[in-house]
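J.: With the sequences and hints as input, model every part of the structure.
Respectively, the protein sequence lines represent chains A and B.
In the working numbering, each residue's number is its place in the first sequence (first place is 1) plus 15.
In the working numbering, each residue's number is its place in the second sequence (first place is 1) plus 1354.
Please keep in mind that the hints were generated in silico from the structure rather than gathered at the bench.
Hints may be right or wrong, so weigh each one.
Stated by the list, open to error - Here's a subset of chain A near chain B, in silico, CB distances under 10 Å, partners left out:
1. Met-31
2. Met-83
3. Leu-101
4. Leu-102
As the list claims (entries may be wrong) - What follows is a set of in silico ranges between Cβ atoms, one per label pair, in the way DEER data are often shown:
5. B:Ala-1678 to A:Trp-100: 36 to 44 Å
6. A:Leu-22 to B:Ala-1619: 17 to 25 Å
7. A:Leu-39 to B:Arg-1459: 24 to 32 Å
Said to hold, decoys possible - Some chain B residues close to chain A (C-beta under 10 Å, calculated; not the full set):
8. Pro-1487
9. Tyr-1613
10. Val-1616
11. Leu-1742
12. Arg-1744
13. Glu-1768
14. Ala-1793
For each residue, glycine too, the CB sits at the ideal point set by N, CA and C.
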Amino acid sequence: MKELDPLVFLAVLHEMMGALLWLLAGLAVLSLATFAAVLLRERSVSSARLIRSEVVGVLGGFGALVLMAYVTVSGFTDAGGPIDWLLIAVIWGLGAAGTAIAAYAAQGLAVWLRQIRRPAGLAARRERTA
Amino acid sequence: MGEAHGLKRRDLFKLGLAAAAAGTLPGGAAASVPKVATKARIVIAGAGAAGLAAASRLAARLDGARITVLDKRKQHFYQPGFTLIAAGLKPREYTVSANADYLPRGVDWVQEAVAEFDPEGKKVVTESGEAIPYDYLIVATGLSLDYGAIAGMSRELIGKDGICSAYAGPDAAMGTWHCISRFADEGGVGVFTRPNTEMKCAGAPLKHTFITEDHLRRRGNRSKAEILYAANNKALFSVPIVSEKVRMLFEDRGIRTAYEHVLTAIDPGRKLATFTTPGGPVEIKYDLINVIPPMRAPQAVRNSPLPWTAGPFTADGWVEVDPATLRHRRYPDVFAVGDVAGVPKGKTAASIKWQVPVAVDHIAAAIAGTTSSSAYDGYTSCPLITRLGRAMLVEFDYRNNLTPSFPHVVAPLEELWVTWVMKTIALKPTYLAMLRGLA
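T.: Given below as structure tokens:
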């Protein structure tokens, strides 16, 4: 089963995207790490921020589909069977989840950075963002 | 042909699910094979897909071997991309790179073609007369496109006066696109042919037919055109179940078929094609003709003792190898992989992906003084484009069995977008990884 080696898949993905693969992987790790750091720091989920992130996520899902259509020189009228619709759903879902997490992390980070600059307002801000 | 084989051959097209699945798959076997120390001289004739993949795998597998690749061409063509150029979807550059980019370190490249194979003397002779001795030889020369066998036809005509032929290279593929695009605007009679020889990517003539029909439809000109597919024998594809599916799709798209029609001559001035048929010669007027030339082993191979001396592969000089091991049946230190191998199926990049590791394993075993049980079951695959945006993932073996990579998920005889996605974004990276010995 040597051909099922994950390294083969990594090699193929690297041929596909080159340096972009590492950039995307870096962005994903950075988003997740920031998301986790924001959650740990605040110890709660900001519902207003979550809603905004979900709206961005919906758009991100469609963005992923448009990108996929562009790189495959095709459109979604080409879906021909259940597996195609599943693939479309997976692409949309990955795009939506990725951008929502990134958006939540970015908003949390922005608040965090503002508080670092103005530590006096920390308590008031925490209240507002919660 | 048990489950073990099934799993093994199902890899090439798993890429769509690769990223998600990678974490769950077993691995590490490739990296754990110990290198074989040797001073063996290995000559690889040809730096196409098969030759480069073999060079990469041998360089990774052997320690100290002297590996020499012979090929006079510097450019490397990603040939599966020619169809996408001819469909108007990719630029010429999509298929062009340099052989030097894929040659592994430590492998010598002699920039000459082989003029003579001497398996008795265990040497090859280059066009400049240099003799290169070997302990093991891999014949990976590819094949010759014999345009001259069609009276009135030559490569220079491709792209002019409605003459298409994407096989001859990236420029020919682009010329083919210009012809198809003009035809899709103007309509007329489009005739799509297929040679009466073994050929590389036997699905391509069908793809060109489907793609042209779709372009006509998209431009609102379908009613202005008549499309005829001229099959060389009584089938549309060598695998019966696929042939029947294509027949149904042709009927659905209003594509007429003529069986046992083999193109023998064209008259570009009068736009007239002559076919031999069981009932005698037949002339057909065309506005667009897709000429797929007869394909044969290169002259140097045909002139050598390497080809089959009996059976269906004799006439065109394909190398006499065992279909399972790719080892020459008379010269055990000679192997043939890729298009030049005289095996029943598979002159495709997907075949090469599975042939090369088998041949390399047998060479490594012979050097180490052991034996190898590696066997190639004829697996090949054809993402058969049936319209722009959809394709059927047709995979099969020597016995005409369908061998789907994703049974119950990606149906082999369904026109699917997921297959198109694989063809457009996953196949070229897989091919390039294969050249580097990584896939």
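J.: Hint by hint, note whether the structure agrees.
T.: Hint check:
1. Met-31: 4 Å, holds
2. Met-83: 8 Å, holds
3. Leu-101: 8 Å, holds
4. Leu-102: Because about 5 Å separates Leu-102 (chain A) from the closest Cβ in chain B, which is inside the 10 Å limit, the hint holds.
5. B:Ala-1678 to A:Trp-100: 36 to 44 Å: 40 Å, holds
6. A:Leu-22 to B:Ala-1619: 17 to 25 Å: 52 Å, violated
7. A:Leu-39 to B:Arg-1459: 24 to 32 Å: 29 Å, holds
8. Pro-1487: It is violated, given that the least Cβ distance between Pro-1487 (chain B) and chain A is near 32 Å, above 10 Å.
9. Tyr-1613: 28 Å, violated
10. Val-1616: Violated: closest Cβ of chain A sits about 34 Å from Val-1616 (chain B), beyond 10 Å.
11. Leu-1742: 7 Å, holds
12. Arg-1744: 5 Å, holds
13. Glu-1768: 5 Å, holds
14. Ala-1793: Hint holds; Ala-1793 (chain B) Cβ to chain A Cβ min 5 Å, cut 10 Å.
In this structure, the hints that do not hold are numbers 6, 8, 9 and 10, in rising order.
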